[in-house]
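**Q** Here's the letter readout for the chains.
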Amino acid sequence: MSTPVLDVQGLAFAYPDGHQALYGVNLHVHRGERVALLGPNGAGKTTLVLHLNGILDAGAGSVAVSGLPVTKDNLREIRRRVGIVFQDPDDQLFMPTVRDDVAFGPANLGIRGGELEKRVMEALDKVGMADYADRPPHHLSFGQRRRVAVATVLVMEPEILVLDEPSSNLDPASRRELAEILTGLDVTLLMVTHDLPYAFELCPRSVVLSDGVVVADGPTYDVLTDDALMAAHRLELPFGFDPRAIGRR
Amino acid sequence: MTPLGLFLPGTSPLHRAPAGLKLLGLVAAGVVSVLLDEPWQVLVALGVVTVLYGVAGISLRVAVAQVRPLLWIALGTAVFHVLVNGPARAFVVVGVLAVLVLLAALVTLSTRTTDLVDAIVAVCRPLRRVGVDPDRVGLLLALGIRCVPVVVGLAQEVRDAQRARGLGASPRAFVVPLIVRSLRHADALGEALVARGAEDPVPDEG
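As you go down the protein sequences, you meet chains F and R in turn. Taking UniProt numbering, the leading residue of the first sequence gets 1, the next gets one more, and so forth. Taking UniProt numbering, the leading residue of the second sequence gets 1, the next gets one more, and so forth.
Everything labelled a hint here was simulated from the structure, so no lab data went into it. Quick reminder that beta carbons are idealized off the backbone N, C-alpha and C, glycines included. Worth double-checking, as some hints may not be accurate.
[Unchecked claim] Quick list of simulated restraints, FRET-style, between CB atoms: (1) R:183 with F:74: 29 to 35 Å; (2) F:41 with R:136: 47 to 53 Å; (3) F:173 with R:128: 46 to 52 Å; (4) R:84 with F:16: 26 to 32 Å; (5) R:37 with F:114: 50 to 56 Å.
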């Protein structure tokens, strides 16, 4: 098989206060895959995400992106390859205008002028926000801010898009619009979420992280219909949602 | 709407003037204001400011909103000067204060934040020789400006939560959550900046 886009091997990590968040996580994501990372609160999902582009350093084990190990020397290229969309768009958007915000990452890579403008507008176009380029981000709705946050990452042309709780705090229409946008993107996707219907809709494969280890990895349908697994790791389907009634996707 | 003057789009000569020129004008006004000593001079200055707002096409309501936060400071200053130096001096001091705040607000209202940041970056460029990174200064400025509406929004939410719990006048119920949420925001902002390569040197300048 080809080199995985994301190759996490035996990753362990403890916070400085001694709290061990990850105990030897193995995860491989191949090009074009769409994977949901599920798990209860405190399972280590966010800690794992922060390792994917070197914000946190592995205590033990390794992370590689398309064969390039996440080490201090490679951080620049790693951060281009791994695009993280944070849960709260207000943390991600910090420039005076939407255009400046989307341009921030590529400008840090040294891209300037016409090429920068072209990439910015292409990224905004992909999330349907091109008409808002000159607006200050804080004047946009929450759903629009989240779409701009996705654009700030897409503009880097990442090899893998990592989304932390993409559907949180979105109204149903914004949630659906974002799903349509994500479905239309030609990119490898890792989505951390508690929104199991969203995972089922967007990701054919799911990985369950619980107490710092991977406890399940398989088709999302199989994970969501494994009642014993779900109950053991505090995963619950929302009222009225039954994957069996929808069937394998 | 945040209390900070925000850019109002327009096509007036003031809107079209370069940001650097407007900032320079503001500095010059600050210097000249020291020379204002007579009430009639302050009246002329207020007249000039009114004309400038008219040229920029900014309404009286918006202009008044810019000085409203000054009300209590101005009142305190006025009372002090009336008692110590007489009403004429009080008028001069408070008038100059209002003129300067109105002019600064006019620059913000008629200039895109991006242009202001670019002007500051350009001014800082010669400092590169002594180790100052002008783009970093621009980023700091942009972050500072961006943080104002975020923190104002947080303060509003905390205040609402405090009211909802019936803790009308408890400074602790206001300050503690506000500081915690502001620090959490700062932390997450730092992670987002790092994730988007803010730490890395720019290749063509590094």
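**Q** Which of the stated hints cannot be reconciled with the structure, identified by number in ascending sequence?
**A** When the structure is compared with the hints, numbers 2, 4 turn out to be violated.
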